[in-house]
Every structure is written in structure tokens, then in C-alpha cells.
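Going down the list, the sequences are from chains A and B. With numbering that gives the first Met the number 0 applied, the first sequence corresponds to residues 0 to 419, in that order. With numbering that gives the first Met the number 0 applied, the second sequence corresponds to residues 0 to 64, in that order.
Some hints here could point you the wrong way.
[As the list claims (entries may be wrong)] Restricting the straight-line Cα-Cα distance to at most 25 Å, the calculated cross-link-like pairs of lysine to any residue (SDA-like) are: (1) K325(A) x T36(A); (2) K107(A) x S18(B); (3) K275(A) x N7(B); (4) K283(A) x D54(B); (5) K56(B) x L145(A); (6) K350(A) x D54(B).
Simulated from the structure, these hints should not be mistaken for lab results.
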Amino acid sequence: MKNLCILLAGGTILISQPGCTSLERFKSATYMAQDNTLVEVDLFSTQLLQGEIVPTGGSLWDLSAGAQTQFVQILDRRYPENGLFIDALGRQYPESWTLPVQDQIDKKLRMVFTVRKNRDYTHLSDPASRFSPADRIEFIVFSLTLPDSSGLRFTQWNRYATEYGEIEIGDITFSRNLTFEADGRVDPVDINPRFNLGRNEEQMVRSRYLKLNGTLDERSIEIREEGTREVDLTGNVMADVTLRFEGFPERITLPLFETEDSEGSMKSELKALVLKEALVPRMKDAPDTILARLQVEYIYRHVQSGWKTYQEWDDRVEYYSGWLEKDVPLFTRKDYVPDFFCLGREVPEKKIVTVKNLHGGEYPLQFADYNDASRVLDWIRSRDEQDPLEVGQYTLIFGGMPLTAVGDAGRQQLKVMPVY
Amino acid sequence: MYYLIVRNLGTPRCIDHNSKDVYEDGMSFDCTQHQECNPRDFVKEVEITCSEHSDIKIVAMVFKG
Numbered sequence: 000m001k002n003l004c005i006l007l008a009g010g011t012i013l014i015s016q017p018g019c020t021s022l023e024r025f026k027s028a029t030y031m032a033q034d035n036t037l038v039e040v041d042l043f044s045t046q047l048l049q050g051e052i053v054p055t056g057g058s059l060w061d062l063s064a065g066a067q068t069q070f071v072q073i074l075d076r077r078y079p080e081n082g083l084f085i086d087a088l089g090r091q092y093p094e095s096w097t098l099p100v101q102d103q104i105d106k107k108l109r110m111v112f113t114v115r116k117n118r119d120y121t122h123l124s125d126p127a128s129r130f131s132p133a134d135r136i137e138f139i140v141f142s143l144t145l146p147d148s149s150g151l152r153f154t155q156w157n158r159y160a161t162e163y164g165e166i167e168i169g170d171i172t173f174s175r176n177l178t179f180e181a182d183g184r185v186d187p188v189d190i191n192p193r194f195n196l197g198r199n200e201e202q203m204v205r206s207r208y209l210k211l212n213g214t215l216d217e218r219s220i221e222i223r224e225e226g227t228r229e230v231d232l233t234g235n236v237m238a239d240v241t242l243r244f245e246g247f248p249e250r251i252t253l254p255l256f257e258t259e260d261s262e263g264s265m266k267s268e269l270k271a272l273v274l275k276e277a278l279v280p281r282m283k284d285a286p287d288t289i290l291a292r293l294q295v296e297y298i299y300r301h302v303q304s305g306w307k308t309y310q311e312w313d314d315r316v317e318y319y320s321g322w323l324e325k326d327v328p329l330f331t332r333k334d335y336v337p338d339f340f341c342l343g344r345e346v347p348e349k350k351i352v353t354v355k356n357l358h359g360g361e362y363p364l365q366f367a368d369y370n371d372a373s374r375v376l377d378w379i380r381s382r383d384e385q386d387p388l389e390v391g392q393y394t395l396i397f398g399g400m401p402l403t404a405v406g407d408a409g410r411q412q413l414k415v416m417p418v419y
Numbered sequence: 000m001y002y003l004i005v006r007n008l009g010t011p012r013c014i015d016h017n018s019k020d021v022y023e024d025g026m027s028f029d030c031t032q033h034q035e036c037n038p039r040d041f042v043k044e045v046e047i048t049c050s051e052h053s054d055i056k057i058v059a060m061v062f063k064g
């Protein structure tokens, strides 16, 4: 009887062994239902990385020795005052009449998607609960679609390569042994040769799984993630994308000043205005926030039982699918509206200073830099002649009439204003 | 007087004017201009192109002043 019990116990252990293996994914799996409350996804942070303006040209120190000598002599004649001369030595001189103005339609954006589970610990012991500590998001796909009204489109991103992960799911061991043993006698000696050849081979069994991949088209990006054993998809996913607005042309002005020593005091004289074209986002209106549409689909792996152990082979798994959709902020107004400045007044109605060229073309006097606008305004206020203000080929216009320095009450009301 | 006005980023701009309503779809204008104008009554919308960028099509408004 005792032997029978031992035999039964041994048999039970042998029978149960194949079930106790880490090579199984679960004990049972069932698709249960759709539940859209188990997972949350947000676009929680966006960071604009503006392109840098690369200056063209060079300084005195980029010239050859001979050219440096000549240039120093020219500066010495032009700036007899010592402070101005030293200041001129360190200046950066443009290679040509180019403006440090860039098109404003390309935006680099860092998008961080955060994926999280809703953890309902209060109902942990409830059999109807859809949360256990061993639950994980097994698959998720989320897409971000740009609104048609924004004129925005994606041009590139940093996720052209698929990311794969690898897990070790088990070891396989091969073992072969060869034993040779003989027993004999060759007089007068007994011979008992004994050879033992052994060979062990261990193989790690790994599985590759898709960690992250996605697609990009003009209007949307889509990112897919796949989890596997012990790999939950909760966390952040980052994507660097470049977006482009449709363009609208603007003319930006670069004022060129010359500083003169006038009767012992330094005076800045506006010598020329250079107008250059730049593209800005083309949108009829400038909403405070540009929203994008975030859509998410996921598969949630809920462990109904077996979550006390870390291994998953004893889990009774219930799968839930989920879906959510919402608008997320992509840009605020200050992110995409260019910081251009003009001169004008806002009351009783908005009027701005323009420039008219010899051919009758009339353009807004607007600047990419506040200091340029402020400096030109100071120059206008410093004039005291009766004639219309002219700079090179341009005549300054305000309210449809040439702007004069004296006798124009409106001139004193001028101020630097944002263009948009 | 008729005025041709484009609106971008919430800011209107008068880019042309004429004593007659000559404005039609497909016409080309210098979209960077800013002329003094006094619009009163909305007349119509026309789709124009910018002379510097023929690929850019913009819906502009014609006003009578």
C-alpha cells in the first residue's frame, strides 16, 4: 500500500511537470469584452526646437594677413574715435545683403505620448474586478491626425526604423555520454580500459517581438507597440516630427544704420532699408490652440487568477479591447505665430507705417526683431525736417500720406506693435 | 473704389484697389503689399494666386468702399 501511494504521488508529479513550464504563455485565455476605461493616453508635452539661423559672412579675423592690414587702416580712417574703432574690429560683416530671416513654416516638434493603466486597487479582491497587479497592456496602436483647417502636414520623423525587443523564454540542454569499458587480460597484465566521452550543449531559446513601429503620412502619424511576457506598455513614447504649414509670403525689413559722430555726440542715421521675403503660416485666423485628433486602440491583458506568482504560465487571462478618441493640443498661438513687429497706432483704428518704392509698390514696414523696430522708431522721432521721410528708394507712408517729421501729430503716437 | 483684401493669421491686408470690380478667380497679385484702404461693403470672394508663389492659392475678399 505504501509503495502504491509513492507510485501515485510520483505519477502525479510527472504528469504535472509539463504544465509547470515557463514556456507557456498562460493557463487559459478568453476574450471578454470591450472596455474603454482601462487605459489612458495623453500627448502630455510638446517642445518646439526652432532651427538656428546660421550667419553668413565673417569678421576681420577671418581675413588674410594682408587683407587684415588694409581693413584695419580703413577702419582707422572711418572711426577716429578709439571706442568706435575697437568696436568695429569685432563686428561680424555679412557676406551679402541677406537678412537673418527664415521662413516660419517649418516646425520641429517633440511629442511625448504617455500611456497609463487605470489601477483600481479598491476592488482588487472582487471577482468582477478588471484589475490585478499582474495586468498589462499587451498591444496598443495610437494615431495623431492633424486638422484640415490648419494647413499643417507632417514632413518627417525619427521613427523610420522598427524597434524590436528580445526575451529569453527558456533553455534547451542536449547531453550525450559515451562510455566504453572493457575487461581483459594480456599476460601477464590485466587490462581494464575505461573511456568516458561526454558532450553537453545548451541553447537559449529567445523570442523577438515588435516593440515599436509606425507609419507617417502627410496628415497623420500612427505608432504601434507590442508587449510580451512581463513587458507592459505603460510608459512614455517619444517621437520627433517635423511639420510644415502652408506658406503665405511676407516682406520683412532690415534697417541698416550708420553711426556718426555729430558735434561730439554719437548719432545713428538710417541709411537703407532692405526688404526680404519670408513665408509665414497660412491660416485665415490664428486660433489660440491648434488641436490634433488622438485615437487609441488597445488590448488589455487582465489576469483573473494566478497573479500571485511572477511567472505567467499559471495565469487565467481575460482579454479586453478598448478604444478612445480625443482632441489634444498641438500648438499654442505663440508657438506658430511669428514674432514680427511693425510701427503704427491702434486707436482709434489700427494703422501701420508702410514704405512705398519708386514703382508704387507699398509694403508694411515690419521687422523680425523688436530692437530693429524700436531703433527705426527712435530715428523717426529724432527727425526734424519738414519733408517726407525717405530712406533710399523708399518713402515712409502713414495713413495713406507721406510721413513727415514735423507737424504730424500722428507721428508722436507711433509705437512698436506686434504684426499679428 | 473696390478693394482686394486677404486675411492671414487674423490680420487683414489690402493688396490691391481699383475703381472697377475687375477681380476674378485665378488672377495674380503681389500678396506682400499693404495699401491704405477703406472697405465698407463686402462684394464677393475670389481665389487668387500670389505672384511670387504661383502655387499658393488664397481666398481673397472684394470690398466696395
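**Study point:** Violations among the numbered hints, reported as their numbers in ascending order
**Key:** Hints 2 and 6 are the ones this structure does not satisfy, whereas the remaining hints hold.
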